[in-house]
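**Student:** Those protein sequences? They're chains A and B, same order as listed. The first sequence stops at residue 468 when you use my numbering, and every number in between is there. The second sequence stops at residue 362 when you use my numbering, and every number in between is there.
Simulated from the structure, these hints should not be mistaken for laboratory data. Since the model is a prediction, treat every value here as computed from it, not as a measurement. Glycine included, each C-beta is placed from N, C-alpha and C at the ideal position. Possibly wrong hints are sitting among the right ones.
[Claimed, not checked] Residues on chain A that point at chain B, a partial pick, calculated with CB under 10 Å:
#, residue
1, Gly313
2, Asp388
3, Ala398
4, Pro404
Here is how the chains run, residue by residue.
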Amino acid sequence: MRLFRIKGGVHPAERKDATREKAVEDAPLAARLVLPLQQHIGAPAKPLVKPGDRVLKGQPIAAPAGPVSAAIHASTSGTVESVGPQPVPHPSGLPAPAIVLIPDGRDAWCEPMLSLGPYAAPEAIAERVAEAGIVGLGGATFPSAVKLNLRARHRLDTLVMNGAECEPFLTCDDRLMREHTSELIQGVALMARALGVSRAVIAIERNKPEATAAMTGAAAAYREIAIAPVPTRYPMGSEKHLVQALTGRETPAKALTADIGVVVHNIATAFAVYEAVILGRPLVSRILTVSGGAIARPTNLRVPLGTPIRHLIDVCGGLTETPQELLSGGPMMGQPLRSTEIPTVKGMNGVLALLPSDTRRGPAHACLRCGTCVAACPCGLLPFEIAAHVRNGDFAAALEAGLMDCIGCGSCAFACPSRIPLVQSFHHAKGHVAAEARRKQRADEAKRLAQAKAEREARLAAERKAEMARKKAAADKARAEAGAE
Amino acid sequence: MIEKRPLIAGPFAHAGLSTPMVMAWVMIALTPATVFGLGLFGWPAIFLFVVTVGTAVAAEVACLRLAGKPLATLGDGSAVLSGWILALSLPPWAPWWIGAAGAAIAMVVGKHVFGGLGQNLFNPAMVARVALLISFPLEMTRYVAPRPIHSAVAPDVREALAVTFGIGGRADLDAVSSASLLGHAKTELARGVPLSDALAGGFDPWQLFLGNAVGSLGETSALLLLLGGALLLALRVISWHVPAALLLGVAVPAAACHALDPERFLPPLTHALAASTVFGALFIATDLVTSPVTRAGQLIYGAGCGVLIFVIRTWGGYPEGMAFAVLLMNAATPLIDRWVRPRVYGRDRKGRPLPVREAGR
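Excised from the complex, chain B in its bound form:
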């Protein structure tokens, strides 16, 4: 028996993880926080989620068609995941076209313009979020207080259709709008109110941590996000370097400033354990494609994201800084990857062979 077939090189063994599995695990890890968020904000949030993910998939199909690429790549799950992450970062009662436009921007401008999966420089979901935030500041900053789907205050399907699609009259959202802790603190500080007065009553840290709070669709329960992140870390789908560096990058300057002036600067844990920070640290900044490839690079990138988040939140025009921080550090990633390289075995940092030093001398 002599076989004729293409020569292949080893290894003839594999660790087992595959790209679709990576995507699937991230989705599984996101599921608790997602289900919680959908339940917390009811039918409008469910509609928005479906529209966003659906548009992302449709946009991916259109782009693959246009580029003449096989549709099989859809199976890697990256489009669903991008749409999913974008939806979680939107105000839960945002109109449908916010989700649709965002998903289209993420897939077309954020991903396929660069050449598709693995080629994009910027995190597609964050490209979309920033584009939306700048273009539609009203819709992107209008948050509602939680209205759990089983509670009396929850909108029914008919009211939800009005909220999301404007069917059967427009809903008056201003009447129900509310502010997240970070947003509230920013507004009050801008009015010159010291933090001790601004945060007096109404913000129970434990409730915030559990997720019974105002925020984007998936950015309410830090606890569930941390659980999902722990799963990804345990499975080694993500490494600890980016999340740890990011959280420290936020917490360390926040702690320093808070120590200097507790009336002007929020405490470090409020920053670091805000659900938006946890979501970003575990699910956004860890995007494999747009973060550095070396462990050292990942630490720099994570720390950079963290510090930028703190700076933007504290001195910038927005109460949240994750999307901007991640995009800025995405832009720095090629530079980080160029500068931070592992030392090659048997060579010095400059790539020259180590000197031959014989033993025993």
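Pulled out of the complex, with its shape left as it was, chain A reads as follows:
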């Protein structure tokens, strides 16, 4: 398959050897599961249960609130302990509403949903995906059903399945592709069907030859599915860059890949889709990689959602030493976890306990304008320049220099010899700009309302005046007529 060039990018040490050959193990049930109401992009789900309720595995316990939201299901059978604030994986470190479930140990399923079979109608597939609470499992956590319904608004021709897994350490997608090949291919076929596209391309980085071979074999029976080995280069898994590498189409700024006819889903999502549509099972568990220099026995686990990180680390033999950094996701774009009590959520594809030798953190030096960040940026930006604007508090100049075109992949900061925290400064600036936009919107809205009120009052006053004048005229006329009689 012909590939197209994308610019920039870096080659981080892969570090995948620790778990590459580790078959996925089922993590044992923890004593207490915490299911945050927001495990997806969009509105938090509305709880359907109250403390004391008994639930079965797979039973919906929170319903989507609005068009962009996702349902949540009990990941095992047990009793609802509480519904309230709990530690969650959020950069703020603040607690958020969650349902706490005490497993009864029986792990008893509720009645499964009916299998729709491989030839289900597109609408039925999307509906089932929504019912099953499936979100983008690569970490983006956008509700998948919304993306499967894009055919209504866009003319689509290609489904791209992202099996690049370009983040160092992570091997869960690799294992999934090797261990559940047939299910994945069926899932991909279902998703292509839901989208109404005649072509599905599964992109796999060249560092996963076994997965590529397995998937190629399984896809042979499907005319519409192709496997594309892509170069091992970070950030190959970036949606817009992957689409460009595979199709040569460049997504315009501020647009979606759907605008150029392509929808991208993570390969792990296809497995959840298979389970939901064919087996009638909602999303109650996920496969993730537990690795990093501080993990005694790195491995891949299939984990019931809501399992605390501490439990996963214990299953992997505990920590050999205190990690410098505990992360959810890969080292390039992962989020620091502020507590081991934080639960496993739908978008968590890795738990990494990193040592200083993994992070290679060092003191920051002055920017040399060496241009390393410019060469590394896959978006054609000048990261050092944007960072300099941010440092000066000149957010307008940062925006002008392309702040919002930054995808936050971290290639620049990874490569910077002066170890300048570029991504940190971009996050800061994006947050500031977003807050500023909200403030402006509020002010504009207040102004609009005030103006509307003034106009309304003026109009009412004018109407009142006109009415009085009319009444007066009528009265005068009546009086005049009475006088005439």
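Given the structure of chain A, go ahead and fit chain B onto it with the hints provided.
**Tutor:** Below, chain B without anything else, positioned relative to chain A:
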């Protein structure tokens, strides 16, 4: 366990290279040519080198103190490197105060006046070299023939003290002075002597390439400089864009002119493989701070340096043009960086979003 500590964003991985390492690798790459040069010109050269590097460090410390900046930044090695590069570009038997004054100019005027590392517009070592060349033309153009430290003609330490510090009487340098190939060719051409006569005998190209030649302290062995440069390229401390463009920028016009009139213009390889050109291409023009940030910009900058070097050598008043060429292109760097920008993903060259063109139409 809930931790309270400052939020930090990723990435939680790094390529591994750091600023002090960049500086250290450049120094390692310079070491063969430096050791060779010090050996070739003996004790006076060693004294000059120590004085220059020492003054650069002292000036950096003084500037950091004055600016109230932490002295820890000294550890990045940039001051040592600037002094080092300056020393390599000086006539090896220049008096100590040339090195000291040059190093002070490089650090104070060339670097800290602009705000320190990363802020300077011009290459500090070249600022110093040009200031010295204009202020002290005699001392800056008096070259000696190689006197290897182990040979009979080499000055001993006592004689060297006289050469460098003027201790125990002044040395008569005019008696031992000589000219580099480029300098000799320039003088002869100015007298109207055709190149075939001027270069008849005495200039073996292979010896020149190996470095057994007249020249600045570090600008004798093109071979060792190329080896050091190859190391930096292999480690990706520098990219090939500036050196390649610079060498082509010198060689292409030189080849054209040489083809037109071989009696008036030196052959392209004499220009491009002169140790001074190689030193400049690999270690001076590649200065990260003062060269453009984009690959395309670096090509323009390198080519500009190369062409200017050829122009200055051929029609200017000096036999060497590296320092002037680099400073001129340093001045053009902000302009290059403003004009030559990569296209932002999803946008056209003017920064407007690409038009949304739906597939299959």
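**Student:** Which hint numbers does the structure go against, in order from smallest to largest?
**Tutor:** Nothing - there is no hint that the structure violates, so all of them hold.
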